[in-house]
Structures are given as C-alpha cells and as structure tokens.
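K.L.:
Given next are the chains, with one letter for each unit.
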Amino acid sequence: MTTLSVRTTQTDDLVDITERVREAIPAGLDGAVVLYCPHTTAGLLVNEGADPDVAMDLLAALRRLVPRDGPYRHREGNAAAHIRSVLTGSSLLIPVQAGRLALGVWQRIFLAEYDGPRNREVLVQFLGPG
Amino acid sequence: MTTLSVRTTQTDDLVDITERVREAIPAGLDGAVVLYCPHTTAGLLVNEGADPDVAMDLLAALRRLVPRDGPYRHREGNAAAHIRSVLTGSSLLIPVQAGRLALGVWQRIFLAEYDGPRNREVLVQFLGPG
Amino acid sequence: MTTLSVRTTQTDDLVDITERVREAIPAGLDGAVVLYCPHTTAGLLVNEGADPDVAMDLLAALRRLVPRDGPYRHREGNAAAHIRSVLTGSSLLIPVQAGRLALGVWQRIFLAEYDGPRNREVLVQFLGPG
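Residue numbers (the numbering used here), protein chains in the order written: chain H, 1375 to 1504; chain B, 1375 to 1504; chain U, 1375 to 1504.
Which chain H residues face chain U? A few, computed with CB under 7 Å, are given here:
| no. | residue |
| --- | --- |
| 1 | Tyr1410 |
| 2 | His1413 |
| 3 | Arg1447 |
| 4 | Ile1457 |
So, partial list: chain B residues that the calculated Cβ filter (under 7 Å) puts toward chain H:
| no. | residue |
| --- | --- |
| 5 | Pro1412 |
| 6 | Val1440 |
| 7 | Tyr1446 |
| 8 | His1448 |
In case anyone wonders, no lab produced these hints; they're calculated from the structure. Virtual Cβ for every residue (Gly too), placed ideally from N, Cα, C.
Generate coordinates for the entire structure from the input sequences, incorporating the hints supplied.
P.N.:
Given below as structure tokens:
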C-alpha cells in the first residue's frame, strides 16, 4: 500500500492526482487499483480534466445542492463538507491492464476537497485477479 | 478483462446490463467483479429493475437536482451530465460466489446515460479472494 | 464471504457497523474488504461517527434533496428511498493492512436505511493483493 500526500489550496478544491496514481501502480500487472480517502470532509472522484470549467461547474453544483451555511446541527461549521463527501464517495476502484490504468480518454482522478485548504492523504492499494 | 458495448437510445437513459455482466463472469469462482465506465457523461448503478417507474423516477430526480440547462461555465452543453456522472458514480463492485453475482432479489445493474444517445463501453474485471 | 444481519429502527436510519466489519476480516492479511448491500432502498457509506449530529444532518439533507413525498410514478411509496440509495451507493471498498481496516481517525462504516425499520443484510468479502 502506498500513501500519497496531497495539498489542497481552496475551501472547495479538485486536485488532479492521476499522474501520481499512475506512478504508484506496479508495472506489468493486471487487476484493479483501490484509491481510498481516509477523511470525512473530502473524497475521490473521476471526471473530465481537459476543460477546467467542468471542475468549476461540479463544485458550484455541490455548493447549490449542499450549501456551506446550513442550518445544520453539527457545530464545527463543516457539516456540508461531510454531506458532500458522502454524495461523491470516499473510494475509487479502477481496472488496471498490464500496469496501465483503464481510464477513459477524458477521465482524470481528482481528490475532492470540501473543507480546505488542508493536507490530505490518499491510500493506493493494488488488487490482483482471481 | 472483458469490454461490453452498450447502445443507449435516449438523452437520459438506464440500460439494464445484468445478463451481459453475468455472462462475462468466470464460472465457479469466488471473489468480486469490478464494472467500470470509462466515460465522463455516463455511469453505472444498481437499483430495482422490476418496476420501470423506479428508473423513470430516478432520472427525473437527477434532472431536478442537476438540470440540463445551467447556468454552467462548460460550453459543450453537457455539464449536467458530467455532474450527474459524479453523483451516481463510474464503477461498481459486486461480490461473486461460485461464479454467481451476489445481487439482491430486486437488484439489477444499469448503465446510466446522461448525454445520449451514444455507444458506450463497460469494462468487466474479475478480482480473486486473498 | 460473511453476511451480517442488521436491524434498523427508524424510517431513515444510520447504523454504525464498524466493529462488526472488523470482526469479519481475516487476521493478518493485506488487501481490501468489499461491503455490499443487496437492498434497493438502503445502502452503505463511510463518514464521521464521533458526533451523532453529522448523521442527523446527512439524513436531513437527503430528505431535503429527495423528499419522501413525490410526486413519483413508483406506487409503493418508497421511490425516494430507491433514489437516495443510488446517490449514496450500495457498496464500499476499504483497504486492509495486516488485518486492520485502513479507516481514517474519524471514519465509521454505516448501513444507511431509507425505508425502515427493517432487517437488512451486508455481505463482507475479502480480496487479496496481486
């Protein structure tokens, strides 16, 4: 298992970690890679990376659906970040063929920050075929 | 790894691919199957397939939560499809016992199309136990 | 594969199953554990468990985003539960190191009930490294 350290720079942020995941995968093997975010106010997602406007639209939609200002019961001020983390998910599983991520042409892997800026970690675990 | 080709027929569409996934799983083995959608405006999900109204309700809810007409910054007109893809997810992991998918009685596997009609692909990768 | 039986006690409920998952994992191995919910009106999610207000805020947000009272086409009265199940997901994948779940400090595993109270099941399957 490899651990990536990721620095986020905004309250809401999407950081492209695709190349770092590529480097963490063993060469030549078939299987799948698990990416896991051990934080409750951040997450992991796959989407288009070519046009940065897609990331902006996604973060804006999440702010509209789950506004940072409540009302919420949780008193730490980041209830919205917890909720967005659940909606977009904490783990990814991506097939690997001969050591290469089976991402689509337009797909990139992002750490999704909802309560930054912070230092975050992503666990990378390779799983083999049967 | 097997690749399924799936034709969607509507702008928003749910195509039941359960039987095709069943056929792609190796016989007799224990483990889990990864299904992966390499597209950024489509996804994969599991839900009820017995009553087609459930699929209609789901697509209507997604249109209400993330309307196709913005305002969005992304200029290709499909920002909503990218956002819905993130909310419902690009991969599935389903346990397999003795070569059989451990789906619940009412569960079916769907390709979720948010920017169709198009030809889509689904990657199917079997993973073994430890 | 192990099957956990979980009793939910509210219409909308989050039941912490972290300790039961820990007990179901083989000792000493590296890999990942798949948790799978075979129901179409419930799901599985990871989030903070220290402050129970986070769970309350999450369930309230889901009721606001996907209200129980429609209008929906599905006539069984639980269309919202199907939709919430898709939004929050039916499976989890959590890395395991030397037999220990790689959960973050604040993370707990929850069965999410959206149409209870009911008896639910969670499948637990260990997957090994390559």
